Amino acid sequence: MGLFSRNPDSDDDFDGEKTSFLEERGFIASAIVVGAVLICLVVWFMASGRNDTPSANPSQSPSTEAPTGQPTEPTGPPATPVEPTEQPTKTAPPPPNSHTGGCHDRSPAQGIPRLAAPAAVTWQFEGEILVPIQAAAGPAATSPDGVRSCFAHSPTGAVLAAMVVLGQIQNPDVSLDVLRTRVLPGPGRNAAIAAAKEQLKTPPTPDGDVQFAGFKVLYYPPGGAQAIIQVVADLNHKAYGALPITMQWSHGDWYAVLQDDGTFNGSVEPDILSSLNGYVRFSGAS
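Residue numbers for the sequence shown, in the numbering used here: 1 to 286.
Rather than coming from a laboratory, the hints here were simulated on the basis of the structure.
Keep in mind the model is a prediction, meaning the values are calculated, not measured.
Where hints are given, some of them may not hold.
To be verified - With a straight-line Cα cutoff of 16 Å, these simulated EDC-like cross-link-like pairs (lysine to aspartate or glutamate) come out:
#1 Lys197 with Asp173
#2 Lys216 with Asp271
#3 Lys238 with Asp261
#4 Lys197 with Asp177
#5 Lys238 with Asp271
Claimed, not checked - So the derived label-pair ranges between C-beta atoms look like this:
#6 Pro204 with Asp145: 18 to 24 Å
#7 Thr122 with Pro172: 22 to 28 Å
#8 Ser107 with Lys201: 43 to 49 Å
Where is the CB? At the ideal position from N, CA and C, for every residue including glycine.
With these hints in hand, go ahead and build the complete structure from the sequences.
What follows is the structure, encoded as structure tokens:
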């Protein structure tokens with residue numbers, strides 16, 4: 001199975017169509033690429049018969065022009081253009097390897113981000129997906145192979161770790177190394193590695209425009225031994241797909257936990273969302 005599975009017992013009228021699609025793309029045998037995983041959610045959404053109009057790009061502001069009427073003559077001299085006094089500030093990306101922040105911070109802030117996204121974050125491409133990088137919560141280490149690690153033992157650190165692991169898994173240049181080093185050992189990791197090897201034998205297929213859109217911390221107990229983060233991706237501006245990611249604190253860092261079938265969600269049905277209500281908006285895409 002891929003990292004994202006769907007309950008085969010679901011009484012969806014389009015099971016036959018979905019099965020055909022998944023087998024055609026090699027998903028059942030090998031789809032560990034998170035982009036393909038999320039795109040299959042689009043297929044479920046489209047096949048379910050929903051014809052929702054795609055939401056407008058949030059970066060576009062509503063028009064403030066008045067309705068067209070009779071032309072009027074200007075009543076005064078033209079206004080003098082005003083130069084902007086300051087440019088929008090941008091957070092400089094942290095170094096790939098640092099001895100401060102991330103897992104090096106012995107007393108990171110323990111507040112759970114429920115209303116506002118983590119601050120001072122830069123976004124960097126991992127394959128086709130932008131992943132969040134923060135000097136305070138991590139990742140604070142990058143291996144020679146490009147695997148990112150060393151996240152803060154905090155709710156924010158768990159959120160960033162979940163999104164970075166997902167983003168790196170979809171990147172064929174580092175996917176195997178990420179599965180071997182950023183996922184806890186067990187049957188699930190073995191199944192995912194086997195699927196990844198098969199996936200790498202076939203030419204990649206375009207995944208479309210899929211980017212992270214937000215998150216919700218579902219579970220973070222005192223002490224932070226484990227965390228469950230619901231990560232949301234924007235699926236080609238047609239819907240949102242939500243994926244539960246279980247992270248466990250072990251050996252001084254956050255590691256992903258897979259079900260025995262090699263997926264993140266096992267028998268838990270995927271969530272298709274029409275909006276981000278109830279989630280923290282968090283995206284590097286405009």
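Hint-by-hint comparison with the structure:
Proximity of Lys197 to Asp173 is assessed by CA-CA distance (about 12 Å); at most 16 Å being required, the pair is judged to hold. Of the pairs offered as hints, the one joining Lys216 and Asp271 holds, with about 13 Å between alpha carbons and a cut-off of 16 Å not exceeded. Of the pairs offered as hints, the one joining Lys238 and Asp261 is violated, with about 29 Å between alpha carbons and a cut-off of 16 Å exceeded. Between the alpha carbons of Lys197 and Asp177 the distance comes to roughly 11 Å, so the proposed pair stays at or under 16 Å and holds.
Restraint check for Lys238 and Asp271: the C-alpha separation of about 14 Å stays at or below 16 Å, so the hint holds. Checked against the given bound of 18 to 24 Å, the beta carbons of Pro204 and Asp145, roughly 19 Å apart, stay inside it. In this structure the hint that Thr122 and Pro172 lie 22 to 28 Å apart at CB holds, the actual value being about 23 Å. The hinted window of 43 to 49 Å between Ser107 and Lys201 holds, with their beta carbons roughly 46 Å apart.
Violated hint: 3 only; the structure is consistent with all others.
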